[in-house]
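In order, the protein sequences belong to chains A and B.
Just so it is clear: in the first sequence, position 50 is 50 by this note's numbering, and no numbers are missing.
In this note's numbering, each number is its position in the second sequence, counted from 1, plus 51.
A portion of the hints provided could be inaccurate.
What the hints assert, rightly or not - In silico SDA-like cross-links for lysine to any residue, where the CA-CA straight-line distance does not exceed 20 Å:
{"hint": "1", "chain 1": "A", "residue 1": "13", "chain 2": "B", "residue 2": "113"}
{"hint": "2", "chain 1": "A", "residue 1": "12", "chain 2": "B", "residue 2": "84"}
{"hint": "3", "chain 1": "B", "residue 1": "102", "chain 2": "A", "residue 2": "25"}
{"hint": "4", "chain 1": "A", "residue 1": "12", "chain 2": "B", "residue 2": "88"}
{"hint": "5", "chain 1": "A", "residue 1": "13", "chain 2": "A", "residue 2": "30"}
{"hint": "6", "chain 1": "A", "residue 1": "36", "chain 2": "B", "residue 2": "112"}
{"hint": "7", "chain 1": "A", "residue 1": "12", "chain 2": "B", "residue 2": "69"}
{"hint": "8", "chain 1": "A", "residue 1": "13", "chain 2": "B", "residue 2": "142"}
{"hint": "9", "chain 1": "A", "residue 1": "13", "chain 2": "B", "residue 2": "86"}
{"hint": "10", "chain 1": "A", "residue 1": "36", "chain 2": "B", "residue 2": "104"}
{"hint": "11", "chain 1": "A", "residue 1": "12", "chain 2": "B", "residue 2": "113"}
{"hint": "12", "chain 1": "A", "residue 1": "12", "chain 2": "B", "residue 2": "117"}
{"hint": "13", "chain 1": "A", "residue 1": "36", "chain 2": "B", "residue 2": "117"}
{"hint": "14", "chain 1": "A", "residue 1": "13", "chain 2": "B", "residue 2": "65"}
If you're looking for bench data, these hints aren't it; they were derived computationally from the structure.
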Amino acid sequence: MLYALSTCGWCKKTIELLIQLNIEFNYQYVDLLEEKEQDDAMRILEKFNPR
Amino acid sequence: MTVVYDTGLLESEIEKQYLKMKRDTETGFYHLDPDIEFSRNLVHGLTKNKKRYGYQSYPYRLTSGNRAEDLDIICPCDYRDQDIAQYQAWYCGL
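Chain A extracted, bound-state conformation:
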């Protein structure tokens, strides 16, 4: 799962690269999620990056 922001140029480039490399992936634009879903996503992300 790729957690991205719809406003982020680097996220966009990453998605384009993954598509170009034919890598199967899922992604979520965290900024477009409802508050509770955002909180859930952030909790998951904090496990990988506590900052």
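Take the given structure of chain A and dock chain B to it, following the hints.
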């Protein structure tokens, strides 16, 4: 393949903001990234956030939607000078 987003923003709005930002940064003796497509993408994100939240929050960070909480990441952000000192560029790449 280019990923295209339906952002509700007109190209003319983004172009206008890009030119304004270019003029404003050069007044302050900074220069935007010479990769115009990259810079325009960043300006697009800033413009989208301005439309969404009412202020130009950093498009590479999750905005809370609370201006007081996001003060440090409203462009130009509080980390700009630190980033220049350490990396000779803004962290966002603009």
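Structure-based check of all given hints:
no., hint, result
1, A:13 - B:113, "holds (18 Å)"
2, A:12 - B:84, "holds (17 Å)"
3, B:102 - A:25, "violated (30 Å)"
4, A:12 - B:88, "holds (12 Å)"
5, A:13 - A:30, "holds (16 Å)"
6, A:36 - B:112, "holds (18 Å)"
7, A:12 - B:69, "holds (19 Å)"
8, A:13 - B:142, "holds (16 Å)"
9, A:13 - B:86, "holds (14 Å)"
10, A:36 - B:104, "holds (19 Å)"
11, A:12 - B:113, "holds (15 Å)"
12, A:12 - B:117, "violated (25 Å)"
13, A:36 - B:117, "holds (16 Å)"
14, A:13 - B:65, "holds (19 Å)"
When each numbered hint is compared with the structure, violations occur for hints 3 and 12.
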